[in-house]
Amino acid sequence: MNFLKRTVPMSIAFVMGILMAFQYYVPHEASQNLLKVVTKWGMIISGFAMFIGAYSLFHMHWNRIKQKVSGWGYSIFVFFGAGITIIFGLYNGGEFFWDDKQAGTMFDWIFDYVQVPAASTIFSILAFFMASAAYRTFRARNKEATILLISAIIVMLGRVPIGTMISQYIPIAADWIMSVPNLAAKRAILIGVSIGVIATSIKIIFGIERAYLGGGD
Amino acid sequence: MNKSRDIYILFFILIAFFIVSVVYLSFGWLDIWGDGLGIITAAAVTLAMYSFLYKDNPVFKIAENLFVGVAMGYSIIIVWFNILKPDVFEALIVPVFKDTGKAPQYTVIVPTLLGLFMFLRFSSKLSWLSRWSFAFIVGMGAGIAIPNFINAILLRQLEPMFAPLYTGSFWGTINTLLVLIGVVSVLFYFFFSLEHKGVIGGVSVIGIWFLMIAFGASFGYTVMARMSLLIGRMQFLLKDWLGIIQ
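Residue numbers (this note's numbering), protein chains in the order written: chain A, 1 to 217; chain B, 1001 to 1246.
Chain B on its own, in the form it takes in the complex (with noise of 0.2 angstroms):
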């Protein structure tokens, strides 16, 4: 009973898409020749997409799979024209064969073989040369996270940590001191060395309030965005498919 009736609703949408579409194009709402095909085709992904808030259903399941595929597709040949191409096609393979006026770059060989080297993964004779693949790029990440990190993020964080308490007023004095006492507190919720009994428990259950603060304000946060995705999803519908709002 239940699955006759989604198929009668899903027809019913697609049918109703479907005159609407015929409909604004007939019409030159919307410009077949312009971005109109596209304007239509962005709004049947998003109404696929928020399908799912009904149930979960075939026409979510196609928009959520052809998006993985696409979002795929897009991240290969985005990788080859911004990266394979310039640094590897162009750089080495190019120049071989072909007088570009540019020496090829030997160097090259080296990451690229590292690279290929990946692919190794999935052999079972040969798979330990990928080590040196990801040994390459962990080794490579630690050594610049160590300096960055201490200078970027670390230093950056303690820095106003030793500036003057008394800041010339009497509310910025009492932030400043709220904001000493909340970072001490919460490094002492973070440091299981010692037990959190006594003074350091109480200290540590201080880092707790505040860190409940920031958790909620951080949810607040991203509810708010996502709201305005929410919103920017519906001026789309509204404005630029069906012409309602101005």
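In isolation and in its complexed conformation, chain A is listed as follows (with noise of 0.2 angstroms):
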């Protein structure tokens, strides 16, 4: 039973693993093949794992409402929100799920009019919270602080028409701190990247790293 439970999906990642990797370097038309093939496939396998997610969240609102817990009404809106747009989307316009997707549809008008409206005020909220937290955290109570201030604040005046009133110059340092320190660092932090990615997808593929396999025999 250990065969099955630790040998073959070990195997399963190492022989993916060096196929992928070696695929790379075949430029023959089987290998491109093969990689369009593969990649496929894991778009297949990660569409089911949406529904993982999905069985995850409904569970978890079920159990709020199944249970009581404070705010469990509130729960009910997912199941509404969630249960109106599959209902749309396998209703199709009348041609149903089996059927091509049809476009100008009620699913096409939710996502339009409710989760684009929705997202983007959402993330536009964050405007507020970061102006604040900043104000509360932004002082120059360091050497490292003050920098980070005086960076964010070129920046940001760099980029409203406000920064060119104050100073000609201001825009023309946003751009240069955009294009020399910040490049050598966002270059240095890809390149740390880089090399941390390489060396743990070849962990993945020795066995080394296993946590994927999760806990348990």
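What the hints contain is simulated information worked out from the structure, not anything from laboratory work.
Among the hints, a few may not be true.
Here chain A is said to cover these stretches of chain B; the calculated rule only asks that three of the stretch's residues, wherever they fall, bring their Cβ under 8 angstroms from a Cβ of chain A [claimed, not checked]:
1) 1075-1083
2) 1193-1202
For the chain B half of the interface with chain A, some residues (derived, Cβ under 7 angstroms), not all of them [claimed, not checked]:
3) Leu1066
4) Gly1069
5) Asp1087
6) Ala1145
7) Ile1245
Don't be surprised by glycine CBs; every beta carbon is placed ideally from N, CA and C.
Take the two lone chains, each set in its own frame, and fit them into one complex as the hints suggest.
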């Protein structure tokens, strides 16, 4: 049983990892086709994984309703929102879900007039919270915090007309910050991240990193 | 006292919104048969979300939970139409039961089974089968990541570091030198195999300065991006909904 529980998944990761890593260096049509097929397989598996996310969300809210925890009534709106979107999505403007997706249906209406405004409003609210958080934490307590504060202020002012009104050099300074010190730090971070990803990938392929197997036997 | 005041405010806003909507629809300023109802719905959702700026309240919580549900429903439908329908349903299931002129793609059985195995995560006896699916995805991702990260990120970021420092102009050369100093010093800061003392400590302090400038720039950029979203929502409310600005 240990063979099926540990050896098989580790072998799958090893074979897939080696296959996909070497595939990149083989400029043959068969190699390109392999990448296409395996990528499609990955998409299909990820598609099923999305339903696990949906199950977790609905399970959590169903339990909230069942146990009548504080604020359980709001969970009903999760089911209402999901239910109405799924029903209109499956109805597909009268063509039903087995046909191609139709444009301009109620499903698209819900996306345009509920999901998009709600998402962009939530993200725009962050402007207020970031400003208030910055007010509380952006104090020039030491040298590093002062550098961060000055850099942020110059970049923010450099992107709006008032920056140019204060001084014509502010947009130039903002561009310089973005293209020199910011570029240098981001480049170093990317180099570090790349080395980290490559090292972790090698560890996964050779079975040194097994966190993806989860706990238990 | 505060609670009753909140209820009054809530009712006042709801009634005001209702009156404004009815007036705009009655006078034909919003087309009920066109996108009028959509604009009113979007305005209601936007205002409900912004009500959080006053304090956490039932209207915000309703809008928040509704949004979560709609987003999940949308994802499910999009996954069906973009992935499962063309690649599983039409490629494997339909040709088995119906003559479509296309042979069933039996290879699709493998990812379908692996996808279904993921649901066994919830079974106490068979949850180990879900490891096969995760191993496939993780192994595939690791294999694809190695050459892609080497080629598309690591070498691409290292390549400019080997270019001549002298670029033809004084300030260009200074900037290239600063980028070189910045990259090396930040890499020194992230190098923990040696203690950050003496020369290494000094270089890593310069790295911290470069990092602070970059974090400040990222913060400034993010704030401005959120501001542009805020302006977009305000434009929607004042232009599309109320028609106050043109």
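Outcome of the hint check:
1. 1075-1083: holds (count 7)
2. 1193-1202: violated (count 0)
3. Leu1066: Hint on Leu1066/B: holds, closest Cβ of chain A at ~4 angstroms, below 7 angstroms.
4. Gly1069: Since the shortest Cβ distance to chain A is 3 angstroms, the answer is holds.
5. Asp1087: Cβ of Asp1087/B sits 5 angstroms from chain A, so the hint holds.
6. Ala1145: holds (5 angstroms)
7. Ile1245: violated (17 angstroms)
Violated hints, listed in ascending order, are 2, 7; each of the other numbered hints is respected by the structure.
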